[in-house]
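The hints should help you fit chain A onto chain Z, whose structure is shown.
Chains as they are written, first to last, in my numbering: chain Z, -2 to 402; chain A, -2 to 402.
Where hints are given, some of them may not hold.
Identical copies go unnamed one by one, so any copy, or any two together, can satisfy a pair.
[Said to hold, decoys possible] Cut-off 27 Å, straight-line C-alpha distance, at most; resulting in silico cross-link-like pairs (DSSO-like, lysine-lysine):
no., residue 1, residue 2
1, Lys85, Lys372
2, Lys60, Lys39
3, Lys361, Lys24
Hints are computed from structural coordinates only; laboratory data are not their basis. Please read all numbers here as calculations on a predicted model, not as lab measurements.
Number of protein chains: 2
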Amino acid sequence: MAIGPATLPVLHPVNGVRLGVASAGVKTAGRKDVVVIEMAKKSTLAGVFTKNAFCAAPVIVSKEHLNQGKNRFLLINTGNANAGTGEKGLKDAYACCSALADAAHVNQADIMPFSTGVIGEPLPVDKIINVFPAALDNLDENHWAEAAEGILTTDTRPKGACVQFIHEGQTITITGISKGSGMIMPNMATMLGFVATDAAISSELLQSLLVEAADLTFNRITIDGDTSTNDSCMLIATGQSGAVLTQENEALYRLFKDALHQVMLELSLAIVKDGEGATKLVTIRVEQAATQEEALATAYTVAHSPLVKTALFASDPNWGRILAAVGRAGVENLQLNDLQIYLDEVCIVENGGRADSYTEEAGKKVMSQENILIKIVLNRGIINETVWTTDLSHDYVTINADYRS
Amino acid sequence: MAIGPATLPVLHPVNGVRLGVASAGVKTAGRKDVVVIEMAKKSTLAGVFTKNAFCAAPVIVSKEHLNQGKNRFLLINTGNANAGTGEKGLKDAYACCSALADAAHVNQADIMPFSTGVIGEPLPVDKIINVFPAALDNLDENHWAEAAEGILTTDTRPKGACVQFIHEGQTITITGISKGSGMIMPNMATMLGFVATDAAISSELLQSLLVEAADLTFNRITIDGDTSTNDSCMLIATGQSGAVLTQENEALYRLFKDALHQVMLELSLAIVKDGEGATKLVTIRVEQAATQEEALATAYTVAHSPLVKTALFASDPNWGRILAAVGRAGVENLQLNDLQIYLDEVCIVENGGRADSYTEEAGKKVMSQENILIKIVLNRGIINETVWTTDLSHDYVTINADYRS
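With the rest of the complex left out, here is chain Z (with noise of 0.2 Å):
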């Protein structure tokens, strides 16, 4: 159960990149687990990682790596996370590393390794190792749909996303695939981003501008912006269009951070509408706040309340649920009487209470959407702030009750 198409949509080379995958039988034969991402030479590389205390042995690898090589590869494997392994998964993920580096003759720092699926069990090093020259092989610039497959692990669809823009004649392209599927908590299911562009652009200005595009998208699917063990969101900029992005050059500089927000929103929406058991597509918006704090605390404390959720399935317009969400959000002196909240365009709550144009069955009708709009008005200040969730349904503790058997 997924929400919307299931369709990828074109995902257009970037000039500078190439892409192999491979069938390691990590945990299940058969299925390709293995892919490697290669980047041209001089490719600048930015990432964001983990907040979670304990991240994962490839992490902790990936985040020594980046920048301290030469960005060559991104080598990802799934059904085995490499999580909770202490030092015997720190020795297997420079294992792979260095593997790889000896079989693509580059040098075991231009590798940042990559690892999702089960946590605590022994990364079967022998499996993954003896694919990287078929994986190698493969290697094309026209594999992103087959790389979107090969990072997959309780998804249910591919995800990817492209855009292409123009800038005085130069057609610059940003594609980017996505991965994860744990959405009505994502704390402890690992989301991962692979995006590249062929604009040129500094280590730097890289790294900005992933955070920032990060922040409100890939971490606005996040409650309470924790992350699992292993979530891991990657840039990679080649330069092979000419293109050269720089803060001074205004336009350009504005197109392309449109694009990449544009680009990772779609990846994460994506993750989103491919959630455990998720049957619709919710949007909290909390708008009027006095803080970005007290904004995200209302947000995620709706988005996060298993009694809204299983609300959402039942296309139950249980008001009464939302609001008491809000209420317990920790916001300081928060007046009932200064309070809307809206389903879509119909408002539920204001002056108190429910709203006096409230029907039932105006509720009912929004609540039985695929997608759901849950806005809340503080009337406290200038804040808006927009997160999104799913609704809880039988299938996610179907999914999460078996995932392990």
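Just chain A now, with coordinates in the frame of chain Z:
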């Protein structure tokens, strides 16, 4: 579905307290839904209430009346929470108090009202007022079990606890009843507790005893310390046993404190065990934390995690999910290598990864039990804290997706 036996223990009467029950048809015709609890003159009364910013109308009125009048009646209705009802809700709560005051020949301020049920619907005041004569006729010191039935909503069973002890030849009784079953996330599911003793205790001492006991019991089954719009727990002391409790009388004080803690722990664990769709009672104990704050943050993050909860439902010793939850609890400079995690006595995590001694069989055996202890040893200090929760099952989704229909 609920955990353990459904039988109510013997609830000894408390001299000076009488309870009466009636059927007003607030939501369901024929259901016992109005309870009055009469306190003898000169009783003292203490109360703890929800911290939700939008506390319900009856909570506002009870806080106002507590110790302002003569503390003569508690009035409880189910079927309607009178929450999110604005000014009208307040008027309705006062109207109920006024009508009961007239019928019982006391003052309006002598009455503390409590409501639980659907949020945001107007309280059917006339229906409730009409049954006050019947409820008062029904007053009897032996009606604790009937009252325990009368305060239920989605609960599947009545909840009560009673402890008696003898001090210098005097028998002192503490009897209580509770209500609540939204235990996966109790924040929005009303918890009510009504406890009485025949000891004589000053208002100030009674309040401090209640606050301390509630903090270790009712507040430890609450995620993040948050509460619903209607949560309340009241403690009555009639003084009719002749025993006078003071902090100076250390022996009696200690006996009483222990007995009160036991009664309130039983009442709050009864709520957990009747958790919506619950199949397991899970105790989460964090040991050797540096601060109470980090101990509770860790315990609640684990208790709170849908991925841990679904693994508990599946009897799956997926310790990686517990580890990941500990890692995102926000404890600063937490070192994976210092951490130990146990399922009952089975060590599952140590030295940065899965314990060498761990076997899947041993983990599975513990996870199959109806009562499970998850013990997390942080090795950072000397603070220990315990919270209680349940698993997350299919029935939780069913109950909460269907509640209003």
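For each hint, the structure was consulted:
Taking CA atoms no more than 27 Å apart as the test, Lys85 paired with Lys372 passes between copies only; the shortest distance there is 25 Å, against 48 Å inside one copy. Taking identical chains as interchangeable, the C-alpha atoms of Lys60 and Lys39 lie at most 27 Å apart only when both belong to the same chain, with a minimum of 19 Å there against 69 Å between chains. In this assembly of identical chains, the alpha carbons of Lys361 and Lys24 lie at most 27 Å apart only when taken from different copies (21 Å versus 43 Å within one copy).
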